[in-house]
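These protein sequence lines are chains W and H, in that order. Counting in our numbering, the first sequence runs from 1 upward without gaps. Counting in our numbering, the second sequence runs from 1001 upward without gaps.
Please keep in mind that the hints were generated in silico from the structure rather than gathered at the bench.
Which residues of chain W face chain H? A few of them, derived with a C-beta cut under 7 Å, are:
id	residue
1	L54
2	Y55
3	P93
4	I117
5	G119
6	P142
7	R154
8	Q170
9	D179
10	Q196
11	A199
12	A238
13	F243
Values in this document were obtained by computation on a predicted structure and should not be read as measured data. Each residue gets a CB set at the ideal place from its N, CA and C atoms; glycine is no exception.
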Amino acid sequence: MYVAVKGGERAIENAHRLLANARRGDQSVAEVSLDQISEQLGLAVDRVMSEGSLYDRELAALAIKQARGDLIEAIFLVRAFRATLPRFGASEPVDTGAMRVRRRVSSTFKDIPGGQILGPTFDYTHRLLDPSLAEGFVPEAPSMAEASTAPTPRVTDILGRDGLIEASPQAEDGASVGDLTREPLNFPADRDLRLQNLARGDEGFLLAMGYSTQRGYGRNHPFAGEIRFGEVEVEFAAEDVGFVVPLGSIELTECQMVNQFKGSATEAPCFTRGYGLAFGQSERKTMSMALVDRALRARELGEEVGAPAQDEEFVLSHSDNVQATGFVEHLKLPHYVDFQSELGLLRKLRKQFAEASAEANAPDAMKEAAE
Amino acid sequence: MTQHNTQQAQRQAAMAVLAHAEAGEIAARLRTIPSPGHQDLRAPESGLVMLRARVGGDGAPFNLGEATVSRAAVRLASGEVGFGYTLGRDGEKARLIALCDALVQSRDFGAAVERDVIAPLREQLMIRRKQAAEETAATKVDFYTMVRGEG
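Please work from the sequences and hints to get the whole structure.
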């Protein structure tokens, strides 16, 4: 328990003023604009949108600026802002198969219909710091090639045609879609709630959890069946309009993980799958998410459950960095009363200990008498 | 019924273009056609829409996360009611889309708004998409097999 303490008002006000100055830094250096953050630190914006669970580039850029680049603080700001707006409803489910892909790779098939498209990627860069980027860098114009109009089907759809991979679970008629922003999470949680939780979960946490499955804590033999990044259209059934209206497009990254087979006496063996989806270009996040999604299906698939990544209560209760940082960081708020009572108890225990020791070391006569 | 469906498809197609344009671009195009009297039926407001996706891309729906959305409704003096919805917090853009939607339905202004507002914005959108598609296509891998034991 922490208590409100009076008397800090002026110190707090001055601390905030100091923070505003520290945020601005040396005022002889140009101020960073939201456009600059959005355009040049785009992947930070993507992460804040994903984990802030709010698609709005400008707001995410503002949050990053306000948080001085502390992305978890920025995510916290976005989540708090989101709570101030009314919700008009839910969109139609987006169709990632109809994505205008900017990048699309498969590590399972070389020759996928539509091809392997590298897009803007760090892959195959040498990870050497580039001094030419320090100032005044103007990139060469992108190369162009004739664009194909051929569709780019999901790799899992291709495998699915031959029954080599399990089909995605379909919703039962009239089933509602779980929403953990409306009802608290209960266990066991269904796949829809698990995916919502993972989609807004901390990238670092999911990365570590996914990595742990690869190292043997709940191994599930993953292949990156497909990773795609690009634009999808969003549609919304607006009651007042009376039909489905287009809202514009958003950028998404999708990862289809293809995992070890399952089968039974009655079902032919087939690959299983894990799914990752996030706002923006968030490849590490979606790959980690897909690994963890698959690990969390262990019970459903009749696998031995024992590793941390397979424990849904453990994973889903610790994935949210806003909750986590709130609880960890609240430790620095005044706990004076709690601490006083602990201190009182400790003093009492030490006194008892001292008395007991004194008794134990008392003159032999007394000891003998006691025996 | 068919006529109703045709008009609905036309309105959706117009909205699909307008949602991708900037408010300033729409406003600039609208200034090139005569504007009939109109009033706000619903003042622009911003809110959230929960974005849904599907498990595995094609399975049961789940909630991915929210997006900011703005909406507005406009009525022309001649009675047509238009609606505007768009991602983001630009209420003025939603109002302009609503005005266009009302104009699309109008007998007097439907052709003009399609020709001078929607069509040029659609062309601009197609050019942007084509450019992005061509830049992307240049990063497509052309595999070739190295033949061993020759040369």
